[in-house]
Amino acid sequence: MAKIQSVRGTHDIVGETAARHQHVVDTARDCAHRYGFGDIDIPIFEFTPVFARTMGEGSDVVRKEMYTFTDRGGEDVTLRPEFTAGICRAFISGGMQQDLPLKFFAHGPAFRYERPQKGRQRQFHQIDAEILGVEGPGADIEIITLGGEILHQLGVLERCTLELNTLGDPESRMAYRDALVAFFSDHKDKLSEDSVDRLTRNPMRILDSKDEGDQRIVADAPLMKDYLNAASKDFFAAVCEGLDVLGIAYNLNQRLVRGLDYYTHTAFEFVTDALGSQGAVIAGGRYDGLIKMLGGPPTPGIGWAGGIERLGMLAEHTPAPVRPIAFVPLGEAAERLALKLCHGLRRDGFTVDMAFRGNLSRRLKRANKQNARAALILGDDEIAKGIVTLRDLDDGGQQDVALDDIGTHLRKLLS
RNA sequence: GCGGGUGUAGCUCAGUCGGUUAGAGCGCUAGAUUGUGGAUCUAGAGGUCGGGGGUUCGAUUCCCCUCACUCGCCCCA
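In our numbering, the protein residues as written are 1272 to 1686.
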């Protein structure tokens, strides 16, 4: 490795990509705020058990994908592979149970040691929304609606479908799990190698296996809905009804399961086929037992996470960047005066760029490249007259403007 | 972790059935235009052909290893 390069699966986010990411985050945050969510920012690493205990010792994420290390003080810590566990930990350590219900929005990097692919990095970025302390299906409806609304605002909802399922309460989930293990054990000899492995670790995962042989067996497998107790059935019915009232289309998918242990009841995924095999753009579910599992007061929760890289690739247009005003001083006296004038214009809210070097021609070229709306040219002639030359870069027209009137002229030009 | 593809200039890519100075377009720099951008023309810079090893008189080209990206599996956002 002669040339220095970034670590595998990590990327520098600049230019167009940076604009896309920012757009996704801004859109999601604005949307979440309108739904009454507040911002939360949590550390990007936690004590390892925060993730290991909640996500499930048997999950792939915990078994082989976490960036876990011992720090210099001997603590066992892990870079966050997701947000939910950290937010629940923050809820407990911050003593927030008095403030329930709580609604949080977060975004930032997360880390998983996986084989990189398009839409799958080792350092990736997520938006995240969580509702804590609401037992009823209202939270499920709101959190799903928020996800759909963000996709709508990003202009990508038409290319996504909402897959919906319920895992039931712990009792129902356990009963179904046992039924699946019994069923698949009878067909063990015909299952793929992967699925035989899943049988002991995460039997529900066999349901969404892509192996054709597996799918033939899955076709006759018991269905979740037949193992739901009355309470779980009612709960899910209420969620569906709420989505129906809002006109949110969804696809009931009995094979939609979760890889992480803490999920109960509602599970959902907004998926797209426009990104190859990494199709989930926003996914989440209910996790009523998680906070108790972490040693906190029993508190229900539901949330989702969305992949910023995936959403950024999917979003077709990002808002046009602000067109700057290029300030072009010529000569030392002009440079000094320009410094002050630029400062004042920026303080007044204008986007002003002044190149650090170059003659008039060069600086106008730069201004053109930056899609500047206008250039303010200041040379000895202008200084003598107490004016600047305002050049409209769209039509090439120029006019003299008194120093005190620059702001008003620019405002008129930009409106 | 498993299987396939790719890697040549800043970017997108040609090319070399193993041979002496490796090309194009775009971009960049400079000039035509010493106070006027977008267009045009001219000139120029820029490559250890991803890295290491092997075969060979000779390797960017063939072989092995390795790194990165990519497609599918796995997993997931």
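Take the hints with a grain of salt, since some may be wrong.
To be verified - Below, computed lysine-lysine pairings styled on BS3-like, alpha-carbon distance capped at 30 Å:
1. Lys1335 <-> Lys1389
2. Lys1640 <-> Lys1611
3. Lys1496 <-> Lys1481
4. Lys1636 <-> Lys1611
5. Lys1683 <-> Lys1656
6. Lys1563 <-> Lys1656
7. Lys1461 <-> Lys1481
8. Lys1683 <-> Lys1640
9. Lys1335 <-> Lys1459
10. Lys1459 <-> Lys1481
11. Lys1335 <-> Lys1504
12. Lys1504 <-> Lys1481
13. Lys1496 <-> Lys1389
14. Lys1636 <-> Lys1683
15. Lys1496 <-> Lys1461
16. Lys1636 <-> Lys1656
17. Lys1496 <-> Lys1459
18. Lys1563 <-> Lys1611
19. Lys1335 <-> Lys1563
20. Lys1683 <-> Lys1481
21. Lys1504 <-> Lys1563
22. Lys1496 <-> Lys1611
Rather than coming from a laboratory, the hints here were simulated on the basis of the structure.
For clarity, every value in this text was computed on a predicted model and none was experimentally measured.
For each hint, the structure was consulted:
The hinted pair formed by Lys1335 and Lys1389 meets the criterion: a straight-line CA distance of about 20 Å does not exceed 30 Å. Pair hint Lys1640 plus Lys1611 holds up; C-alpha atoms about 24 Å apart against a cutoff of 30 Å. With a CA separation close to 22 Å, the supplied pair Lys1496 and Lys1481 stays within the 30 Å bound. In summary, the hint linking Lys1636 to Lys1611 is supported, as the alpha carbons are separated by about 23 Å, within the 30 Å threshold.
Only pairs whose Cα atoms come within 30 Å are accepted, and Lys1683 paired with Lys1656 is accepted, the gap being roughly 23 Å. With a C-alpha separation of about 75 Å, the suggested pairing of Lys1563 with Lys1656 is violated against the 30 Å cut-off. For the hint linking Lys1461 to Lys1481, the alpha-carbon distance of about 14 Å falls within 30 Å, and the restraint holds. Proposed proximity of Lys1683 and Lys1640 is supported: the alpha carbons are some 23 Å apart, at most 30 Å.
Of the pairs offered as hints, the one joining Lys1335 and Lys1459 holds, with about 25 Å between alpha carbons and a cut-off of 30 Å not exceeded. A C-alpha spacing of about 16 Å is found between Lys1459 and Lys1481, which places the hinted pair at or below 30 Å, so the restraint holds. Straight-line distance between C-alpha atoms of Lys1335 and Lys1504 comes to about 35 Å, which puts the hinted pair past the 30 Å bound. Restraint check for Lys1504 and Lys1481: satisfied, since their Cα atoms lie roughly 28 Å apart, inside the 30 Å limit.
In summary, the hint linking Lys1496 to Lys1389 is not supported, as the alpha carbons are separated by about 35 Å, beyond the 30 Å threshold. Taken as a hint, the Lys1636 and Lys1683 pair is honoured in the structure, with Cα atoms around 24 Å apart against an allowance of 30 Å. Between Lys1496 and Lys1461 the CA atoms are separated by roughly 25 Å; this keeps the pair inside 30 Å, and the hint holds. Taking the CA atoms of Lys1636 and Lys1656, the gap is near 26 Å; set against the 30 Å cutoff, the hint holds.
Between Lys1496 and Lys1459 the alpha-carbon distance is near 23 Å, which keeps this suggested pair within the 30 Å criterion. A distance of roughly 59 Å separates the Cα atoms of Lys1563 and Lys1611; the hinted pair therefore is violated under the 30 Å criterion. Restraint check for Lys1335 and Lys1563: the C-alpha separation of about 25 Å stays at or below 30 Å, so the hint holds. With a CA separation close to 60 Å, the supplied pair Lys1683 and Lys1481 exceeds the 30 Å bound.
Restraint check for Lys1504 and Lys1563: satisfied, since their Cα atoms lie roughly 24 Å apart, inside the 30 Å limit. Simply put, Lys1496 and Lys1611 have alpha-carbon atoms about 71 Å apart, too far for the 30 Å limit, and the pair is violated.
In the structure shown, a violation is registered for the earlier hints numbered 6, 11, 13, 18, 20, 22, in ascending order.
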